[in-house]
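*Asks:* Residue 1 is where the sequence shown starts when you use our numbering, and the numbers rise one by one after that.
Just so you know, the hints here were simulated from the structure itself, not pulled from any lab data.
Remember, it's a predicted structure, so these values are computed and weren't measured experimentally.
Do not take every clue at face value.
[To be verified] Derived lysine to aspartate or glutamate pairs resembling DMTMM-like cross-links, with alpha carbons at most 20 Å apart: (1) Lys246 <-> Glu286; (2) Lys313 <-> Glu423; (3) Lys313 <-> Asp123; (4) Lys313 <-> Asp332; (5) Lys218 <-> Asp549; (6) Lys218 <-> Asp207; (7) Lys246 <-> Asp207; (8) Lys98 <-> Glu110; (9) Lys98 <-> Asp129; (10) Lys98 <-> Glu43; (11) Lys218 <-> Glu83; (12) Lys173 <-> Glu198; (13) Lys313 <-> Glu286; (14) Lys246 <-> Glu221; (15) Lys173 <-> Glu269; (16) Lys132 <-> Glu91; (17) Lys246 <-> Glu198; (18) Lys173 <-> Asp135; (19) Lys218 <-> Glu248; (20) Lys132 <-> Glu161; (21) Lys313 <-> Asp421; (22) Lys313 <-> Glu325; (23) Lys98 <-> Asp135; (24) Lys218 <-> Glu538.
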Amino acid sequence: MTETRADLVVTAGRIWTQDPRRPWAEALAVRNGVLVAVGTTAEVLPLAGPATIVRDLGGAMVMPGLIDGHVHLNLGGSQAAFELPLLPTDELDTVLEKVRRWALDLEPGEWVVGGIVGSTVLDGLTDGDVLKRLDEAAGGRPVMLRDDTMHNRWVSSRALEAMGVTVDSPDPKGGRYVRDARGRFTGVLHESASGRAEAAFARSVTDPESRTATAMRKAIEILGGYGVTSVQEAATMLRPATALHKLEVAGELNVRAVLSAPVRPFLEEGVVGEDLIARLAELRGELVRPDFVKIVLDGVPMTRTTALLSPYKCHHGGAEPFHGEIYWTLDDLSDQLLRCAELGLGAKLHATGDASVRRVLDAAERLRARTGSGIRLQIAHTEFVHRDDVARFAELDVVADLSPYIWYPSVIQQSISAQVDEELVDTSWPVRDLLDSGALVAAGSDWPCAAPTPHPWTGLETLVTRRNPDERFPGALNPGQAVSLPEALAAFTTNPARAMGIGDIAGRLAPGFAADFIVLDRNLFDIDPGEIHATTVEQTYFGGRLVHDREASRS
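Kindly produce the complete structure, drawing on both the sequences and the hints.
*Replies:* Right under this line is the structure:
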């Protein structure tokens with residue numbers, strides 16, 4: 001009978017299961033990393049044997065491990081492990097002072113790399129004199145600072161030299177070297193121009209494999225501390241994917257990772273498209289699943305690169321109304337989705353504007369009608385959705401990837417409000433409408449975009465309140481789109497699991513599911529929703545293994 005005994009039994013908990021058949025339980029049992037029982041203590045405790053670890057939680061709340069449906073592990077981990085930390089609320093003088101202090105510890109030619117610079121700061125870098133200030137702060141070193149969208153950069157003159165950019169250089173396709181009214185560089189780079197800076201910095205790294213491995217470990221450690229046990233890596237290049245594979249082979253990977261292979265070059269250099277898809281397929285494991293592609297249709301609203309149905313407030317230097325640009329024609333996008341269906345891969349499609357969202361839905365409609373294919377389609381980031389398109393998500397079985405966590409007043413929303421019509425802002429993030437129409441909505445941090453950490457509890461709280469816990473940003477953003485706590489919890493557990501194709505093993509606590517669960521310092525159902533952001537994860541279990549213990553980490 002020994003083999004029928006549990007390896008771990010957890011009792012005396014208030015367990016929110018996300019299982020509609022049994023929403024609450026008292027105890028659970030784990031064997032070989034899988035839940036074998038979830039129920040009352042009387043039902044579960046008999047599964048304990050002499051070798052079973054039994055843990056009494058004293059009434060603490062337990063819930064499924066959180067799932068981050070949109071994250072950039074290498075960028076986030078690198079930022080945390082190696083780079084200059086900046087806050088989106090830092091003003092320009094603060095940014096420059098932090099650069100100055102950081103540079104003091106570097107060699108003369110060593111890069112200053114960091115972030116995040118708030119969009120409101122980046123918007124103000126319109127004069128070539130700001131480039132001189134950055135050069136002076138860094139002591140002439142190459143500098144690359146990422147903004148809160150991760151689509152744009154602020155670089156120094158030395159960095160521009162390393163990129164091979166001169167006063168005569170034309171803007172790259174899909175990007176821009178921002179100049180002032182006198183034609184002088186400001187150091188600001190938009191979209192694909194940022195990729196040139198990333199490539200120049202990458203050439204300076206002496207041991208990229210080791211750096212990437214460290215970054216990936218750091219990212220997973222940080223996510224585990226927040227209770228995240230599964231992720232969708234939103235744009236996966238070969239080196240980070242290889243690092244994940246090596247961790248899995250070594251038995252040291254503490255997260256389930258669904259990967260998304262870029263089909264075109266964007267911000268990071270390296271193989272893309274079907275060559276990358278083939279290479280990632282070789283890395284497939286139980287935990288590492290290269291099941292998606294990444295397609296980018298537009299940019300971000302702060303720099304007027306989002307594709308909108310209505311024009312921007314500023315006409316981008318021209319007399320004609322400016323709407324942004326969609327990078328894919330309907331025919332090309334439809335063909336790409338058809339190819340995804342042939343390869344059996346889902347697609348995560350970056351579409352930040354209502355025009356680009358409509359383009360994706362039109363292509364999805366063609367795909368469903370042409371092939372009947374049920375491949376998973378996710379639209380990231382669904383901030384702006386025209387009211388006529390809301391119902392199409394459910395009709396076409398397209399997931400609304402809610403990322404990043406910016407559905408409340410913030411620095412980044414201030415920057416967006418300066419660019420787009422007030423009506424568009426006032427109807428942004430239509431989560432309530434999407435849910436009511438039957439759409440599957442899945443939350444993702446987009447870390448390190450928009451925030452210096454992948455803090456899920458702020459995102460979860462603000463889905464319910466639409467208010468920023470930071471009192472410096474009062475008011476609510478489109479409060480009629482708030483959702484209930486159970487709906488918000490689903491957006492961080494069962495929904496992204498389904499969207500990612502792991503809904504049969506993750507996202508809920510029920511027999512047969514992976515034993516991925518977390519222990520909280522408070523019961524979310526017993527507190528005011530405005531206190532959720534302060535939630536602390538006491539313990540994180542992944543496959544039944546304790547991978548984060550707050551008490552142990554403090555001792």
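*Asks:* Each hint should be assessed against the structure and marked as holding or not.
*Replies:* How the hints compare with the structure:
| no. | hint | result |
| --- | --- | --- |
| 1 | Lys246 <-> Glu286 | holds, 13 Å |
| 2 | Lys313 <-> Glu423 | holds, 12 Å |
| 3 | Lys313 <-> Asp123 | holds, 14 Å |
| 4 | Lys313 <-> Asp332 | violated, 30 Å |
| 5 | Lys218 <-> Asp549 | holds, 16 Å |
| 6 | Lys218 <-> Asp207 | holds, 17 Å |
| 7 | Lys246 <-> Asp207 | holds, 17 Å |
| 8 | Lys98 <-> Glu110 | holds, 16 Å |
| 9 | Lys98 <-> Asp129 | holds, 19 Å |
| 10 | Lys98 <-> Glu43 | violated, 57 Å |
| 11 | Lys218 <-> Glu83 | holds, 13 Å |
| 12 | Lys173 <-> Glu198 | holds, 16 Å |
| 13 | Lys313 <-> Glu286 | violated, 49 Å |
| 14 | Lys246 <-> Glu221 | holds, 16 Å |
| 15 | Lys173 <-> Glu269 | holds, 15 Å |
| 16 | Lys132 <-> Glu91 | holds, 17 Å |
| 17 | Lys246 <-> Glu198 | violated, 25 Å |
| 18 | Lys173 <-> Asp135 | violated, 27 Å |
| 19 | Lys218 <-> Glu248 | holds, 15 Å |
| 20 | Lys132 <-> Glu161 | holds, 14 Å |
| 21 | Lys313 <-> Asp421 | holds, 6 Å |
| 22 | Lys313 <-> Glu325 | holds, 15 Å |
| 23 | Lys98 <-> Asp135 | holds, 13 Å |
| 24 | Lys218 <-> Glu538 | holds, 19 Å |
Checked against the numbered hints above, the structure breaks hints 4, 10, 13, 17, 18 and satisfies the rest.
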